[in-house]
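Novice: With the hints as constraints, model all of the structure from the sequences given.
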Amino acid sequence: MSQIPAVLADAVVYASWLFVIAVGLTLIYGVMKILNIAHGSLYALGAYSAVTLAGGWLAKGYAPLGSYAMLALAALLVGLIAGPVIERGLLRFLYAKDEIVLVLVTYALFLILEDAIKLTWGVDPMFVAEPYALLGNFEIAGLTYPTYTLVLVAAAIVVGLALWWALGFTRSGKMLLAVIHDREMSAAMGVNVGLTYFVTFTIGAFLAALGGALTAPTISVVTGMGAEVIVTAFAVVVIGGLGSLGGAALGAVIVGLVRSAAVHYQPELELFSIYLVMAAVLIARPKGLFSGAEVRKI
Amino acid sequence: MSVHRTSVALVAAAGALLALGPVIPNWAVSLVNVSLGIGVVVLGMMVLMRTGLVSFGHGLYYCLGAYAAGLASNRFGAPDMLAMVAGGALAALLVSAVLGLLLAKYREIFFAMLSLAFSMILYGLLVKSADLGSTDGFNVHAKSIAGFAVEGDAHRLGVYSVIVITAALCALLLDAYLRSHRGRLAEAIRDNELRVEYMGASVFATVHLNYVISAVLAGVGGALMAIHIGHIDPEMTYWPQSGEFVFIGILSGTGSVFAPLLGSVVFETVRSYAYEKSPDTWQMVLGVTMLMVIVFLPGGLWSLASRLRGRPDSARTGG
Amino acid sequence: MIKAMKPSRLAAAATAIVLALGAPVLMAQQKTSIKVGFVTFLSGPAAGPFGVPARQAAEAIVESLNAGKAPAPYQIKGIGGLPLELVVIDEAGGATKQVSEYRTLVQRQEVDFVIGYIGSGDCLAIAPVAEELKKLTVFFDCGTPRIFEEASYKYVFRTRPHATMDAVAATLYLLDNRPAVKRIAGINQNYAYGQDSWNDFEATIKVLKPEVEIVTSQMPKFGAGQYGAEISALAGANPDVIHSSLWGGDLEAFMLQAQPRDLFKKNILVLVAGEPYLHRLPGKIPDGTVVGARGVNAVFAADSPLKRWLTDLYKAKAGIEPNYPAYSVANAFLGVKAAWEKAAAKKVGSAIPMGANKNVKEEMEKAYAPPTQEEVIAMFEKLSFDTPSGKVQMSLGKGHQAVTGTAYGTTRFENGVVKVGNIKYYPAERVNPPEGVSSLDWIKSGFRATAK
Chain U
0 MSQIPAVLAD AVVYASWLFV IAVGLTLIYG VMKILNIAHG SLYALGAYSA VTLAGGWLAK
60 GYAPLGSYAM LALAALLVGL IAGPVIERGL LRFLYAKDEI VLVLVTYALF LILEDAIKLT
120 WGVDPMFVAE PYALLGNFEI AGLTYPTYTL VLVAAAIVVG LALWWALGFT RSGKMLLAVI
180 HDREMSAAMG VNVGLTYFVT FTIGAFLAAL GGALTAPTIS VVTGMGAEVI VTAFAVVVIG
240 GLGSLGGAAL GAVIVGLVRS AAVHYQPELE LFSIYLVMAA VLIARPKGLF SGAEVRKI
Chain P
0 MSVHRTSVAL VAAAGALLAL GPVIPNWAVS LVNVSLGIGV VVLGMMVLMR TGLVSFGHGL
60 YYCLGAYAAG LASNRFGAPD MLAMVAGGAL AALLVSAVLG LLLAKYREIF FAMLSLAFSM
120 ILYGLLVKSA DLGSTDGFNV HAKSIAGFAV EGDAHRLGVY SVIVITAALC ALLLDAYLRS
180 HRGRLAEAIR DNELRVEYMG ASVFATVHLN YVISAVLAGV GGALMAIHIG HIDPEMTYWP
240 QSGEFVFIGI LSGTGSVFAP LLGSVVFETV RSYAYEKSPD TWQMVLGVTM LMVIVFLPGG
300 LWSLASRLRG RPDSARTGG
Chain V
0 MIKAMKPSRL AAAATAIVLA LGAPVLMAQQ KTSIKVGFVT FLSGPAAGPF GVPARQAAEA
60 IVESLNAGKA PAPYQIKGIG GLPLELVVID EAGGATKQVS EYRTLVQRQE VDFVIGYIGS
120 GDCLAIAPVA EELKKLTVFF DCGTPRIFEE ASYKYVFRTR PHATMDAVAA TLYLLDNRPA
180 VKRIAGINQN YAYGQDSWND FEATIKVLKP EVEIVTSQMP KFGAGQYGAE ISALAGANPD
240 VIHSSLWGGD LEAFMLQAQP RDLFKKNILV LVAGEPYLHR LPGKIPDGTV VGARGVNAVF
300 AADSPLKRWL TDLYKAKAGI EPNYPAYSVA NAFLGVKAAW EKAAAKKVGS AIPMGANKNV
360 KEEMEKAYAP PTQEEVIAMF EKLSFDTPSG KVQMSLGKGH QAVTGTAYGT TRFENGVVKV
420 GNIKYYPAER VNPPEGVSSL DWIKSGFRAT AK
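Protein chains in written order, with numbering that gives the first Met the number 0: chain U, 0 to 297; chain P, 0 to 318; chain V, 0 to 451.
Hints were generated in silico from the structure; no laboratory data involved.
Any given hint could turn out to be false.
What the hints assert, rightly or not - Okay, derived cross-link-like pairs now, DSSO-like style, lysine-lysine, Cα gap no bigger than 30 Å in a straight line:
#	chain 1	residue 1	chain 2	residue 2
1	U	K59	V	K418
2	V	K283	U	K59
3	V	K68	V	K34
4	V	K418	V	K381
5	P	K276	V	K30
6	V	K34	V	K365
7	P	K276	V	K314
8	P	K127	V	K365
9	U	K59	V	K316
Unchecked claim - Derived Cβ-Cβ restraints for the label pairs, each shown as a range:
#	chain 1	residue 1	chain 2	residue 2	range
10	U	A165	V	N414	47 to 55 Å
11	U	A279	P	E107	17 to 25 Å
12	U	Y264	V	L174	25 to 33 Å
13	P	S128	V	K208	40 to 48 Å
Claimed, not checked - Some chain U residues well away from chain P (every beta-carbon gap over 10 Å; in silico):
#	residue
14	A68
15	L72
16	T119
17	L133
18	F137
19	A161
20	L162
21	L166
22	F168
23	L176
24	A177
25	A226
26	F289
All residues carry an ideal CB built from backbone N, CA and C; glycine is no exception.
Specialist: Pasting the structure below:
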């Protein structure tokens with residue numbers, strides 16, 4: 000039996016997951032030039048909230064389909080609370096700092112949130128598996144896949160298309176692009192950069208939490224999960240080109256394919272696959288696959 | 000020509016630490032050992048930072064240095080502290096000279112990320128090396144210093160002395176380099192590469208050299224840590240370790256070669272007390288400390304020292 | 000010149016602060032309590048399944064021992080009549096940091112002994128430091144056989160058997176119950192424990208049944224979380240048996256993803272460390288899964304006053320039955336207690352009889368003083384003591400490494416709980432190598448090698 004259909008199917012599923020966890024990271028970097036390590040914590044927060052809400056919903060005996068709404072609600076809540084709190088309460092005072100210092104700020108935030116999560120939810124792994132199996136299964140090449148994986152793929156596509164449309168075809172999206180292109184010039188032209196940052200960070204936080212909430216039914220939510228995810232997400236956005244939406248998608252697809260092929264043909268290589276791709280891409284294209292020419296500042 | 004005052008101070012500090020060695024409690028010896036071992040790596044971070052570069056993968060050389068020292072001792076029959084330090088430096092030198100050819104063209108986040116990728120590839124290789132103990136690593140025991148066998152208390156003091164002297168020597172040499180013509184180019188490159196090129200200096204060669212210097216320092220630090228801890232494992236090249244170096248670098252400031260050494264003493268002390276006093280929330284303590292330093296001491300801890308000396312500018316100009 | 004001295008003055012000031020912070024507290028004249036350093040994961044992925052249960056067990060055991068509520072032969076209060084006091088440290092951060100924290104624990108906190116360490120890398124790194132600092136240190140949970148196979152130690156003990164036993168017994172159990180297995184697959188985390196676990200299993204089954212075929216060995220990275228491709232690869236390889244040493248969140252994620260995909264319909268799953276998850280995954284563990292508890296722990300332990308004692312105190316603390324890490328903790332505390340009290344009894348027993356000497360008072364005081372660390376260690380070596388999981392014998396590693404028998408069983412889902420049936424016990428000597436032979440050599444020799 001040929002393994003190729005399975006390799007492709009697994010690659011698509013994994014790539015969708017990667018895209019959902021990475022897209023918020025690239026958005027925030029693109030607009031704010033912050034490589035947000037706390038993205039991992041927001042992902043974990045989304046997952047924990049999703050387990051709590053969906054688990055509570057199911058425990059009350061409400062309609063199981065409603066648990067999907069709970070996943071979405073969890074992502075929204077985290078995005079709308081944690082995002083603004085972090086941006087207004089901390090980051091906005093530090094925008095003048097160096098890019099690297101901002102990375103450290105988010106690293107500090109990551110450490111703080113890790114312990115905050117532990118204090119809130121404890122250290123026992125938690126899960127709510129029902130939404131994963133609820134929709135039944137389908138088959139590809141003799142292998143069974145839960146229909147929920149299609150939800151994940153669909154979510155990735157919807158998020159990707161929505162961002163593409165919002166950035167390219169709406170007024171505020173165009174302003175955002177203007178800020179990405181040249182922060183000072185946009186401010187001079189009357190774009191409210193502060194507001195742009197606020198909105199971007201909130202959306203980014205929501206996307207991180209959405210990644211966590213959508214992943215939650217497939218895993219056991221556990222302390223330290225954010226740390227595992229963040230470097231993978233970095234690799235994806237760096238491969239694609241930091242700050243590029245299409246890049247994040249392409250990076251996710253490449254990493255998904257390479258990892259899936261490794262697992263099926265050379266399981267030994269799985270551990271390296273993502274970093275080998277990252278090094279190879281950066282060597283060939285120093286700024287990732289999608290990177291525009293930059294104005295050289297003298 | 001007079002001996003520079005930083006050199007005098009370094010020698011005096013090293014002498015004081017050596018004299019204190021036999022009288023301070025054992026755990027303080029350990030604290031000094033760890034801080035200086037890490038401090039040497041952070042000296043390397045300082046060179047890079049002055050050049051305007053930050054590596055999220057310097058664990059690569061820290062780990063290479065430690066493994067080279069460990070292999071020198073366990074496989075190549077050289078369980079001598081000096082040989083191990085030399086081995087660590089050499090391994091870092093060779094690898095960084097090659098990778099530097101590539102990395103010297105990278106800047107900003109891309110430099111950081113490519114460094115990260117290399118360090119994680121080393122991590123993967125080591126995890127797959129069952130022969131080297133995979134993630135469990137292996138134990139190392141240095142038996143002599145320059146051929147003189149040391150055991151027991153002599154070993155303890157020997158390790159301490161080797162670390163103090165090596166760290167002081169690294170700082171002395173680095174300080175001399177940073178004051179040299181080539182060394183001063185680093186900050187010029189950070190501020191404006193084109194101007195440096197117009198002046199006729201090679202940006203590439205300088206960045207490459209600084210990269211190699213910082214890698215060798217990391218390798219030496221790794222070897223020192225292998226000697227002190229007595230155990231090495233791939234965790235040394237995992238990304239949070241590299242992140243910690245960047246953090247201590249920023250915490251310390253780049254004003255003087257003293258900064259990284261003192262900064263890592265402060266960091267290790269805070270971390271150790273956080274583990275002890277608040278085992279459930281030590282990460283939070285570290286995170287809050289980090290934020291406070293960034294917000295209130297933007298020039299790092301060294302700016303505090305400079306402020307005490309009434310020279311607020313030295314954090315940036317490197318006095 | 001004055002200015003030039005500033006940096007060194009700063010250095011001196013820093014040293015002085017460091018010194019002042021750590022100035023040793025004056026020792027009390029008479030020993031009134033025993034300070035125990037306890038190191039376990041409080042954060043990271045190992046905290047939930049192992050670290051925190053271990054801490055809860057340790058705290059509950061200490062309370063119970065201090066109150067003198069433990070059953071015979073452990074009814075003396077605390078240890079030798081002295082109450083225990085715990086200092087808990089997080090094991091997270093890697094071996095390098097743990098070595099520093101260990102030094103702090105021993106030298107700044109001045110603990111009397113240390114019980115701890117779940118990570119094998121941490122144990123390997125700590126052992127020589129314990130030796131250097133001459134501090135009794137008991138590893139309660141780490142599994143690697145390398146500790147006492149690569150070196151020997153005076154101050155270091157491990158009160159649980161090493162991990163080779165798990166793989167050997169799993170294979171024996173599998174072949175006893177399903178002698179026809181042909182196609183073997185594995186999914187283990189890509190780190191030392193996962194690799195060792197798989198290598199030992201593979202080596203054992205190749206010795207016992209050379210015609211088996213290894214169809215795939217999946218090695219996802221630690222904490223991967225997403226196992227879609229691995230599950231496809233396992234299903235595609237069509238194995239009779241899937242071996243896994245996954246644990247914690249990784250195991251649960253794997254089970255949650257594999258079960259809906261019908262991975263386990265046609266094969267037997269072997270979970271060498273599956274016991275702690277039985278109560279957590281009701282309905283998610285397929286019937287017929289082979290599970291172990293890394294020793295005769297938890298469901299495998301025979302009923303005894305000690306088992307009831309541990310079960311009651313742990314339930315009161317954590318609300319659930321103790322899992323195998325809790326049993327490991329009990330082994331460590333009871334081992335030290337047994338050795339200590341034996342040493343104390345020996346001192347009293349060999350003291351000069353009253354009236355036979357002029358210095359009666361001094362001699363009696365000496366005899367009833369707590370035993371020295373060296374005296375405790377002398378009794379600890381080759382000790383045999385009772386625990387909630389039965390007899391533990393310190394018979395490997397020159398008397399520093401415990402061996403016990405072990406057991407495996409098969410799961411079935413009944414009335415909403417996972418039950419373990421068809422339990423088989425394997426005596427210690429059948430699943431542990433003899434003294435002086437490395438685990439892998441012993442397996443590869445067909446379990447025949449003896450020390451040269």
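Novice: Indicate, hint by hint, whether the structure satisfies it.
Specialist: The hints, checked one at a time:
1. U:K59 x V:K418: holds (27 Å)
2. V:K283 x U:K59: holds (21 Å)
3. V:K68 x V:K34: With a Cα-Cα distance of about 20 Å, the restraint between K68 of chain V and K34 of chain V holds, given a limit of 30 Å.
4. V:K418 x V:K381: violated (36 Å)
5. P:K276 x V:K30: holds (24 Å)
6. V:K34 x V:K365: holds (21 Å)
7. P:K276 x V:K314: With a Cα-Cα distance of about 28 Å, the restraint between K276 of chain P and K314 of chain V holds, given a limit of 30 Å.
8. P:K127 x V:K365: violated (55 Å)
9. U:K59 x V:K316: holds (27 Å)
10. U:A165 x V:N414: 47 to 55 Å: holds (52 Å)
11. U:A279 x P:E107: 17 to 25 Å: holds (20 Å)
12. U:Y264 x V:L174: 25 to 33 Å: Cβ of Y264 of chain U to Cβ of L174 of chain V: about 30 Å, so the range 25 to 33 Å holds.
13. P:S128 x V:K208: 40 to 48 Å: Between S128 of chain P and K208 of chain V, where Cβ atoms are some 29 Å apart, the hint is violated.
14. A68: holds (33 Å)
15. L72: About 27 Å separates L72 of chain U from the closest Cβ of chain P, which puts it past 10 Å; holds.
16. T119: holds (12 Å)
17. L133: The claim stands: L133 of chain U keeps its Cβ more than 10 Å from every Cβ of chain P (closest is about 36 Å).
18. F137: holds (34 Å)
19. A161: holds (26 Å)
20. L162: holds (21 Å)
21. L166: Label holds. Min Cβ-Cβ 21 Å, cutoff 10 Å.
22. F168: holds (29 Å)
23. L176: The assertion about L176 of chain U holds, with a minimum of 20 Å to chain P.
24. A177: holds (22 Å)
25. A226: At roughly 7 Å from the nearest Cβ of chain P, A226 of chain U sits no farther out than 10 Å, so the non-interface label is violated.
26. F289: holds (13 Å)
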